[in-house]
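Chains as they are written, first to last, in my numbering: chain D, 1 to 207; chain L, 1 to 219.
Don't take each hint at face value.
To be verified - Simulated DEER-style distance windows between Cβ atoms: (1) Asp38/D with Lys68/L: 54 to 64 Å; (2) Leu85/L with Ala83/D: 52 to 62 Å; (3) Gln182/L with Ala83/D: 27 to 37 Å; (4) Arg46/D with Asp16/L: 42 to 52 Å.
Said to hold, decoys possible - So these bits of chain L aren't anywhere near chain D, every CB distance computed over 12 Å: (5) Arg7; (6) Glu25; (7) Pro65.
Bear in mind the hints are in silico, worked out from the structure with no lab data behind them.
Beta carbons are placed, not taken as given, at the ideal position from N, Cα and C, and that holds for glycine.
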Amino acid sequence: MMADKFIKQPFDPDEEPGGAAPPEVEEEFMLLMSLALDDLLDADERTRFQAYRDAYPGLAAAWRSWRALDSELRATPSAMPSANFVTAFEAALLQRERRRRLWWGAGFALGVILLSFMLTVGVSSLGAFVMFTQPAWLTELVRIAAQAGALVNGGVVAVRDTLASLAGTEQARVFMMVYLFAAAALLAGWVFLLRRTTRFAVASRTA
Amino acid sequence: MNQQEQRWVEAARAGDKAAFSHLVEAYQRPVYNLAYRMLGNPQEAEDAAQETFLRAYARLGQYDPSRKFSTWILSIANHHAIDRLRKRRAIFVSIDDNPVLQNLEGDAPRPENEALAMERSREMQALIAKLDPQYRTPLVLRYWEGYSYDEIAQTMDISTSAVKSRLFRARKQMAELYRQRQAALIPPSSGEVQAAHNSRNRSTRGQEPPFYQAALVGA
Numbered sequence: 001m002m003a004d005k006f007i008k009q010p011f012d013p014d015e016e017p018g019g020a021a022p023p024e025v026e027e028e029f030m031l032l033m034s035l036a037l038d039d040l041l042d043a044d045e046r047t048r049f050q051a052y053r054d055a056y057p058g059l060a061a062a063w064r065s066w067r068a069l070d071s072e073l074r075a076t077p078s079a080m081p082s083a084n085f086v087t088a089f090e091a092a093l094l095q096r097e098r099r100r101r102l103w104w105g106a107g108f109a110l111g112v113i114l115l116s117f118m119l120t121v122g123v124s125s126l127g128a129f130v131m132f133t134q135p136a137w138l139t140e141l142v143r144i145a146a147q148a149g150a151l152v153n154g155g156v157v158a159v160r161d162t163l164a165s166l167a168g169t170e171q172a173r174v175f176m177m178v179y180l181f182a183a184a185a186l187l188a189g190w191v192f193l194l195r196r197t198t199r200f201a202v203a204s205r206t207a
Numbered sequence: 001m002n003q004q005e006q007r008w009v010e011a012a013r014a015g016d017k018a019a020f021s022h023l024v025e026a027y028q029r030p031v032y033n034l035a036y037r038m039l040g041n042p043q044e045a046e047d048a049a050q051e052t053f054l055r056a057y058a059r060l061g062q063y064d065p066s067r068k069f070s071t072w073i074l075s076i077a078n079h080h081a082i083d084r085l086r087k088r089r090a091i092f093v094s095i096d097d098n099p100v101l102q103n104l105e106g107d108a109p110r111p112e113n114e115a116l117a118m119e120r121s122r123e124m125q126a127l128i129a130k131l132d133p134q135y136r137t138p139l140v141l142r143y144w145e146g147y148s149y150d151e152i153a154q155t156m157d158i159s160t161s162a163v164k165s166r167l168f169r170a171r172k173q174m175a176e177l178y179r180q181r182q183a184a185l186i187p188p189s190s191g192e193v194q195a196a197h198n199s200r201n202r203s204t205r206g207q208e209p210p211f212y213q214a215a216l217v218g219a
C-alpha cells in the first residue's frame, strides 16, 4: 500500500500517550486516514491506524475532522444541468453538422473551381504550345477537318433529298393514312378502357 | 453500463442520433456535475458539458466498447474542463449561482432542508474551487460518482497509485480549508466558546498537531 513507502516508526506501547505525534507518524497517519475513508486499509494498517488514534488525541481529533468533512462531501448533492439540456444539445448537434456540411461544400466548390481553372490554363497552354511549335501539322489538321465536315454535310443533304422524294409517292401517303388511323384507334380504345376502369373503381369504393 | 445503454451506444455508433440523445439524457448529470465542480460557474459548466457530448458524438468511432462508456465520457469532460481552466486567466468562483437546486421555480419560500442543502453545496463548492484542478477530478469522481480507484485511474488516464496520492492531497487540502472555515465561524470575542472549541479539537495534554498549520501551497 502507499503508506508503506514512508518510514514506519516502531510503535512503543509503553510510551506515554497524549504527546505530540512525530512528523513521520503524522504523515503516515494522514495517508492512513485517506485510505480509511475509502475502506482500503489492510489488517496491519488498520491496527496501526487504531493504535495511533489511541496514542495521540491530536490525531484522533484530526480523524474526526476528516470524517466530518467526508460526511459533508457525501451529503452535498450533485449539480444538475438545466431542464432543456438534451434539447439544447440536439439543436447544437444539428447546427454543428450543418456547419460541417457547409465547410465541406465550400471546400468542394473551391476544389472544383481550382481544378477547372487549372484545366483551362492547361488546355490553353497546350493549345498555344501546339500552335506555336507545330503550325504545319495544325494547318493539315484543319484541312482534314474541313474536308470531313463537307463530306458529312453532303451525306445529310443526300438523305434528306431521298426522304423528301419518297414522301411524295402514292405508297407513302397510303402508309401514312393507315398509320394515323391505327394510332387514333389505339388511343380511343385506351381512353375507353381507362374510363371504364375508373367508373368501376369509384362504384366499388362507394359500395 | 446496463444492456439498454449498451444498445444505445451500438446504435449511436451506427449513426442513430436518437440513441445518442438517450445517452445524453442518461449521463447529463455526472458530466455536468464534473464540469461544474471543475469550473465553478453554472453557465460555463453547461457549455462545457454540451461541448463534451458534441466531442463524444464526433469521436464515437474511436470509442472502445470494452471500456465503460461512463469513464470514457467523463474522461472527455475532464480533459475539456482542464483545457478551459488553462485558457482562463482567473478562476471565477460563483457562490451565488447554485445549480444544485436550480430547477426550483417560483419565489415561494424554500423548506429549511433545501436551504441547508443549498448552503452546504455552496460552501463545499467554494472549498473545492480552491483546490488544484488535478486534485478536484478524483475528489468529484469519488464522492459524486462513487468511482473506485481503478475507475478514476481509467477516467484520468493515470495510475492507481497516482489516484491514491491525488485523493490524499485533495483531502488534506480540503481538511485544512474546512478547518479554516470552521475557525472563521466562531466569534472571536467569546472566550468561553473559544475554549470549548479548543477542548473539542485539541489534545488536553499535548499541543495541536503541526499539520493543522501546514501551508496549503505544496501540501
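Hints, one by one, checked against the model:
As the Cβ distance of Asp38/D to Lys68/L is approximately 20 Å, the hint placing it in 54 to 64 Å is violated. Restraint check, Leu85/L to Ala83/D: a C-beta distance of roughly 27 Å breaks the suggested window 52 to 62 Å. In this structure the supplied range 27 to 37 Å holds for Gln182/L paired with Ala83/D, their Cβ-Cβ distance being about 36 Å. In this structure the hint that Arg46/D and Asp16/L lie 42 to 52 Å apart at CB holds, the actual value being about 50 Å.
Every C-beta of chain D lies more than 12 Å from that of Arg7/L, the closest at about 18 Å, which supports listing it as non-interface. Not every Cβ of chain D is farther than 12 Å from the Cβ of Glu25/L; the closest lies at roughly 5 Å, contradicting the non-interface assignment. With a least CB separation of 22 Å from chain D, Pro65/L remains clear of the 12 Å interface cut-off, as annotated.
Going down the numbered hints, you'll see the structure goes against 1, 2, 6, while the others check out.
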